[in-house]
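Peer 1: Note that the protein sequences, when read in sequence, are chains F and R. The opening residue of the first sequence carries number 19 in this note's numbering; numbering runs sequentially from there. The opening residue of the second sequence carries number -16 in this note's numbering; numbering runs sequentially from there.
For the record, the hints were derived by calculation from the structure and aren't laboratory data. Here the structure is a predicted model, which means the values were calculated and not measured. One or more of the hints may lead you astray.
[Stated by the list, open to error] Label-pair restraints from in silico Cβ distances:
#1 R/V146 / F/V34: 17 to 23 Å
#2 F/L288 / R/L9: 50 to 56 Å
#3 R/D57 / F/V62: 57 to 63 Å
#4 R/R297 / F/R203: 44 to 50 Å
#5 R/R159 / F/V62: 18 to 24 Å
[What the hints assert, rightly or not] From the structure, some residues in chain R lie toward chain F, with a derived Cβ separation under 7 Å:
#6 Y33
#7 G39
#8 A94
#9 N144
#10 V146
#11 V260
[Stated by the list, open to error] In the DSS-like style, the derived pairs of lysine-lysine whose C-alpha atoms are separated by at most 25 Å in a straight line are:
#12 F/K125 / R/K302
#13 R/K111 / F/K296
#14 F/K125 / F/K191
#15 F/K125 / R/K16
#16 R/K16 / F/K191
#17 F/K63 / F/K80
Note that beta-carbon positions come from the ideal geometry of N, C-alpha and C, so glycine has one too.
Listed here are the chains, written in short residue letters.
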Amino acid sequence: MKRSFGERLFDGSNVVLMLLLSAVTLYPFLYVLIASISDPAWVVKMRGLIWYPHGFSLDSYKLVFDNPAILTGYGNTLLYVVAGTALNILMTSLGAYALSRQSVKWKNPVMFMIVFTMFFNGGLIPTYLLINNLGMLDSRWALIIPSAMSAYNLIIMRTAFQSVPISLEESAKLDGANDFTVLFRIILPLSMPVVAVMILFYGVSHWNSWFNALIYLRTRELYPLQLILREILITNSTDSMMTGVGGADKMPIGETIKYAAIIVATVPILLLYPFLQKYFVKGVMIGAVKG
Amino acid sequence: MSLMLKQRSAAEKPAVDKNGWKYGTLRDLRINKYIYIMLVPVVAYYVLFYYVPMYGLQIAFKDYSPGLGMWGSDWVGFRYFNDFFNSYYFWRLLRNTLLLSFYELLFGFPASIILALLLNELRSSRLKRFVQTVTYMPHFISLVVVAGMLVDFLARDGLINNVLSWFGAEPVAFLRESGWFRTIFISSNVWQSVGWGSIIYLSAMSGIDPSLYEASRVDGASRWRQTLSVTLPGIMPTVVILLILQIGHFMSVGTDKILLLYNSSTYETADVIGTFVYRKGILESNFSYSSAVGLFNALINFTLLVLANAISRRTSENKLW
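Could you put the whole structure together from the sequences, leaning on the hints where they help?
Peer 2: See below:
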């Protein structure tokens, strides 16, 4: 089929526009990456865009990894991600299975009760007072238990469970399986793509979460990485990290520590992302269309 | 074995059956006992962490003091609501919340649709995949990192000012100027969410029957015409549902991102109800006042959602419930 001049003009501009958009999205990360491995003195003097590192130096990474706050933050975040996501998957699977079975009488009222919380809830202060009354304030539990599941993800998982052929469940039940066996031995293994999506969604939200830690935690030793990062990036207090650095070098390296910290906090997510990307498009699709 | 079969078929019957409510419930509990055991932790979680705080909202009408507790504190009626409505902050907070939400709806919402339409028109599927992969990525970056990059790039001696200075512009401390806050907030939101938002529209587009395109081509429709007459109507139900959902979050616009980005010199345009609740409640421990403000916000939000759903129901048959 021959394309008219107008069409070719549109196709050409569209390609250019899409490439521009990709550049605008990627460049900030490229900038941060390049600046983090460049010579700190050069980064501070440098004006404008950069395209390649100047004077290779890993000093800022060394300071980041020597810093006790960052290391405990990293450890805490790993703990919150692993424990939190495990609980999320367990709770969401139980709820999604129970609410995906046709025969359960109280299914719809329970579903309504859960979905209603997506649109109306007690809000910040009553929830804070509850956490306080439960004695979870300033404890690791506050970052794991109150976010044990999300209604949105429950809907995604329930929809996926509904698509598993009912005959498999029936034959397992004829063999004497109960609902727990059906869920863990049949439904979950057959729903691995959606489990992968859930791990990505929940895992990323735990990894990136900072607001709950800000309101519920007081003790610095419990802080997740994002709160430490907030101190470095937003409140600009890199001084505590540079105890071993001499006066004149402080300013430049304070700048590159920020970039190194961004890279260190972001790379794990970006490594996970390509492996799970093929699944999550499906997940978003199911969730939003049926939700 | 035959017993199992019988139970199964009994369970398949509709929940409210002719045998009467009580008998049905008991039988349901017996047949589905494992399922109800599974539901116990789930329901307990939602009751404890969502419904107990809703009940706790009563402190908005009480003079809550931690010593007396929720029960012992005295009722004060609408005093805290009146205090808020009459305070200097009320109109500023309302204006900022509504404006940021409105601009988000005006620029952020259509951006994903436009990106999806443009991606759909790309002829090279490799380029399409590449652009998608790249534009999804910022969705996975933490708000702290995004805000940190903004603080760095928008500083007086930061990247943006350096680039602008090539064109002779004077350096601006963007994040200290209240006039710039909305622009920065909205454009960085679009940057972070446009790709992710387009996923759902692209999948809606892939669900459109290809014969519709063929038929419109036979009728001589141009690609622009096909977009208007086939693609857009095809994704319209998705657009409407997402619009209703977005309106359901109208009053809770980006509180945690604003907390990272604002400072006292930009309160004029940046302070929203959500950030005010955080400052008054968590930082200053004005629990009752702060709960009242939060409840006011939640009620407006919920009303908007119900209205949007009702309007959409009447006009387009698309609805959340």
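Peer 1: All the hints need checking, so say for each whether the structure fits it.
Peer 2: Do the hints match the structure? See the list:
With their beta carbons about 20 Å apart, R/V146 and F/V34 fall inside the hinted range of 17 to 23 Å. At roughly 54 Å, the beta-carbon separation of F/L288 and R/L9 lies within the given 50 to 56 Å, and the hint holds. For R/D57 and F/V62, the Cβ-Cβ distance of about 59 Å falls inside the hinted range of 57 to 63 Å, so the restraint holds. Taking 44 to 50 Å as the suggested C-beta distance range, the pair R/R297 and F/R203 conforms, at roughly 47 Å.
Separated by about 21 Å at the C-beta atoms, R/R159 and F/V62 satisfy the suggested range of 18 to 24 Å. The beta carbon of R/Y33 is positioned within 7 Å of a beta carbon in chain F (closest approach about 4 Å), and the interface hint is therefore held. About 3 Å separates the beta-carbon of R/G39 from the nearest beta-carbon of chain F, less than 7 Å, and the hint is met. Taking 7 Å as the C-beta cut-off, the interface hint given for R/A94 is violated, the closest approach to chain F being about 10 Å.
Evaluation of the R/N144 hint against chain F yields a violated restraint, the C-beta minimum of about 9 Å exceeding 7 Å. Taking 7 Å as the C-beta cut-off, the interface hint given for R/V146 holds, the closest approach to chain F being about 6 Å. Satisfaction of the interface hint for R/V260 is found here, the shortest Cβ-Cβ separation to chain F being roughly 5 Å, below the 7 Å cut-off. Between the alpha carbons of F/K125 and R/K302 the distance comes to roughly 21 Å, so the proposed pair stays at or under 25 Å and holds.
For the proposed pair R/K111 and F/K296, the alpha carbon gap of about 14 Å is at most 25 Å, so the pair holds. In summary, the hint linking F/K125 to F/K191 is supported, as the alpha carbons are separated by about 20 Å, within the 25 Å threshold. At most 25 Å may separate the alpha-carbon atoms for a hinted pair to count; F/K125 and R/K16 meet this at roughly 13 Å. Of the supplied pair hints, the one linking R/K16 and F/K191 holds, its CA atoms being roughly 14 Å apart against a limit of 25 Å.
Taken as a hint, the F/K63 and F/K80 pair is honoured in the structure, with Cα atoms around 22 Å apart against an allowance of 25 Å.
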